[in-house]
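Chains as they are written, first to last, in this note's numbering: chain A, 1 to 435; chain B, 436 to 573.
Think of the hints as simulated: they come from the structure by calculation, not from any bench.
Just so you know, these numbers come straight off a predicted model, no measurement behind them.
Beta carbons are placed, not taken as given, at the ideal position from N, Cα and C, and that holds for glycine.
Check each hint, because a few of them may be wrong.
Cross-link-like lysine-lysine pairs, in silico, DSSO-like; alpha carbons within 30 Å at most [said to hold, decoys possible]:
{"no.": "1", "chain 1": "A", "residue 1": "361", "chain 2": "A", "residue 2": "337"}
{"no.": "2", "chain 1": "A", "residue 1": "332", "chain 2": "A", "residue 2": "283"}
{"no.": "3", "chain 1": "A", "residue 1": "283", "chain 2": "B", "residue 2": "461"}
{"no.": "4", "chain 1": "A", "residue 1": "208", "chain 2": "B", "residue 2": "461"}
{"no.": "5", "chain 1": "A", "residue 1": "384", "chain 2": "A", "residue 2": "410"}
{"no.": "6", "chain 1": "B", "residue 1": "439", "chain 2": "A", "residue 2": "298"}
{"no.": "7", "chain 1": "A", "residue 1": "336", "chain 2": "A", "residue 2": "298"}
{"no.": "8", "chain 1": "A", "residue 1": "355", "chain 2": "A", "residue 2": "332"}
{"no.": "9", "chain 1": "A", "residue 1": "120", "chain 2": "A", "residue 2": "214"}
{"no.": "10", "chain 1": "A", "residue 1": "410", "chain 2": "B", "residue 2": "461"}
A few chain A residues that don't get close to chain B, going by computed Cβ distances all over 10 Å [claimed, not checked]:
{"no.": "11", "residue": "34"}
{"no.": "12", "residue": "122"}
{"no.": "13", "residue": "239"}
{"no.": "14", "residue": "427"}
Residue-level listing of the chains:
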Amino acid sequence: MDLKLTDEEKRMLQGEDGVVPRLCMEYLVELCEVAGADRLIDLDGTGDFHTPMTAMSPFYEFPIEELRKIVEQGAHFKIPTFANKAPFLFQPPVHGWEHCNVCAFQDDANLQSDPAFHEKAMRDEWYELYRRMGMMTTHSCANYLVDTYLPTMGQHCSWNESSAVPYCNAVLGARSNIDGSFATCFLGKTAYYDMHITENRYATVLVKTERLIKSDLEWDVFGFAVGEDAGVHVPCLTGTAKPTTTQLQKLNAAMNTGGAVRMYHIPGTTPEAPTMEFAFGGKAPERETLVGEAELRKAYETLNYHGSDTVDMVYLGCPHLNIVDMMLLARKLEGKKVKIPFYIMTAPWLYDVAKNIGYLKIFEDAGAHLMTGTCLAAMGAVPKGVRTIALDSAKQAYYITGCYPDEDNKLEVCYGSQDDCIDAALTGRWHGEWR
Amino acid sequence: MTEKIRIYGRKEFGGVAEAEALVSPKPLEGFANNNPARGYTTERNHPLFGVSYAGKILVYPSPRGSGGFMSYGVGPNKPAAFIHTEGCPLSVACAMVAHIPSMTDFERDPMEVIETGDTVLVNADEGYIEITKRAGAK
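Bound conformation, chain A alone:
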């Protein structure tokens, strides 16, 4: 496919605007070639990327000195740009790190609660520069919940978090691939392919259910099962109640654990599907599939991975909890005392809110710890000595064991509802079951 570039784009590619714009343009040209796109599109929405890495690709990274140079010349991001997740590589908690008894990637040198390690892992020298360029350092996989500024329908965006991209596409009706990077946000351009193109956004797979999907756990298990079934295709979901924001977060994360569902429709709920006909772009489904009782049970059993019912730790907040999640959780934990370590993860920008409203104190009085910005799977570890963890997230439940592949160092997972997890925290035992 022949790539058509504008004169301005060609000029940047030739290096006339300097090293960084040239590297960014080279990156975008390669992105077009690999993706099969014939042009770049100017972004008019928002962006985020995994920071502080500039490209997530060794071939297009540049040193901090180059960044400093362009910042001093007044460079800024072309679109409103947010930081997705805590700083790489170690992804330290932004708040509550003092309580985070986790050695990143199971290396004793990387203890997150060590102040010297924390300071180093936060890599503030990069963010100082990024902030001057206009980056709003949200550091959250669910930054869309705290950004206070969302793309509108049809706007072209460049996000980079698999659980967030469907929020952009399916929930907001804006358009993004998983391609947020320094280059896309700095130049305000990306490859014109996949979810930027209207035809690719229509559903091809019609999903039906036997039970009405309505609880948080049902949405999470359903999302995983749909992902496994739909793969990279766009499903149209039927047989569900109206999802809450929490349930959309769970659905999006779970569908992008079981599969790669960056766009979906729920007729009557999501904006590009006022009806089933709109969802499929006026065409017939290519395939119909049933996510019935057997499929839901199978997904639930896949997400559970434990022999014993003794639980060593509870982790909630994948994706990061929203404020209503925290309000409800505080209500359930008030006046209680947990028996085992209990970590609660939210977005950094919600920490002070939770503190001011009083949830933080309730959590701490109950013996639980509120942290922000990261997750266990991102840190590649659970606290030392934890052999069985209780989780209410399909995504976290399916990934965390990947950090423990060795037979003599196994991690087991009890997966269920948030109430099951709270019960486990108070009793040290797992009583969850699929109903």
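Starting from the known structure of chain A, arrange chain B on it as the hints suggest.
Just chain B now, kept in the frame of chain A:
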């Protein structure tokens, strides 16, 4: 003379590589479910759990999971080339990180032709793959 099967497809990243194929019957998942330092998937229940893809032609139906899928293209234990039936931005990012021959969108599904142990030539520059069935195969 051994029969060679040629299938045309779309180049994602250019180059030529020939090696033994490792076929994943299931989609592959990255992030915490891949260990690039060791060069194998760590996804529990996965048929390739613990099986090294280092230096192999890694053949899979489609990518799934988080953006961390790109870890399949990282480090000295990365495959020699990628062949996949379907893609999405996950496999695009992976090809960009790996800079090894990578192809998709074939005229015929390579998953139906290639078995683990077959020798596969990936000529991404000219847009085809060529399969030599392993000795003793049907």
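Distal placement of residue 427 of chain A relative to chain B, Cβ over 10 Å: holds, 26 Å
Satisfaction of hint between residue 461 of chain B and residue 410 of chain A, Cα-Cα up to 30 Å: holds, 23 Å
Given hint residue 214 of chain A paired with residue 120 of chain A - CA-CA distance at most 30 Å: Violated: residue 120 of chain A and residue 214 of chain A sit about 44 Å apart, past 30 Å.
Least C-beta distance from residue 122 of chain A to chain B larger than 10 Å: holds, 21 Å
Straight-line alpha-carbon gap residue 439 of chain B to residue 298 of chain A, limit 30 Å: violated, 41 Å
30 Å limit on alpha-carbon distance, applied to hinted pair residue 332 of chain A and residue 283 of chain A: violated, 47 Å
Restraint status (C-alpha distance of residue 336 of chain A to residue 298 of chain A at most 30 Å): Violated - the C-alpha atoms of residue 298 of chain A and residue 336 of chain A are around 34 Å apart, more than 30 Å.
Holds or violated: residue 208 of chain A to residue 461 of chain B, with C-alpha atoms at most 30 Å apart: OK: residue 208 of chain A and residue 461 of chain B at ~23 Å, within 30 Å.
Holds or violated: residue 355 of chain A to residue 332 of chain A, with C-alpha atoms at most 30 Å apart: Given that 30 Å is the threshold and the Cα spacing comes to 17 Å, the pair holds.
No chain B beta carbon within 10 Å of residue 34 of chain A's: For residue 34 of chain A, whose nearest Cβ neighbour in chain B is about 5 Å away, the distance does not exceed 10 Å, so it is violated.
Given hint residue 410 of chain A paired with residue 384 of chain A - CA-CA distance at most 30 Å: holds, 12 Å
Hint consistency between residue 283 of chain A and residue 461 of chain B [alpha-carbon to alpha-carbon, up to 30 Å]: It holds: about 29 Å lies between the C-alpha atoms, which stays within 30 Å.
Hints 2, 6, 7, 9 and 11 from the list above are not met by this structure, while the remaining hints are.
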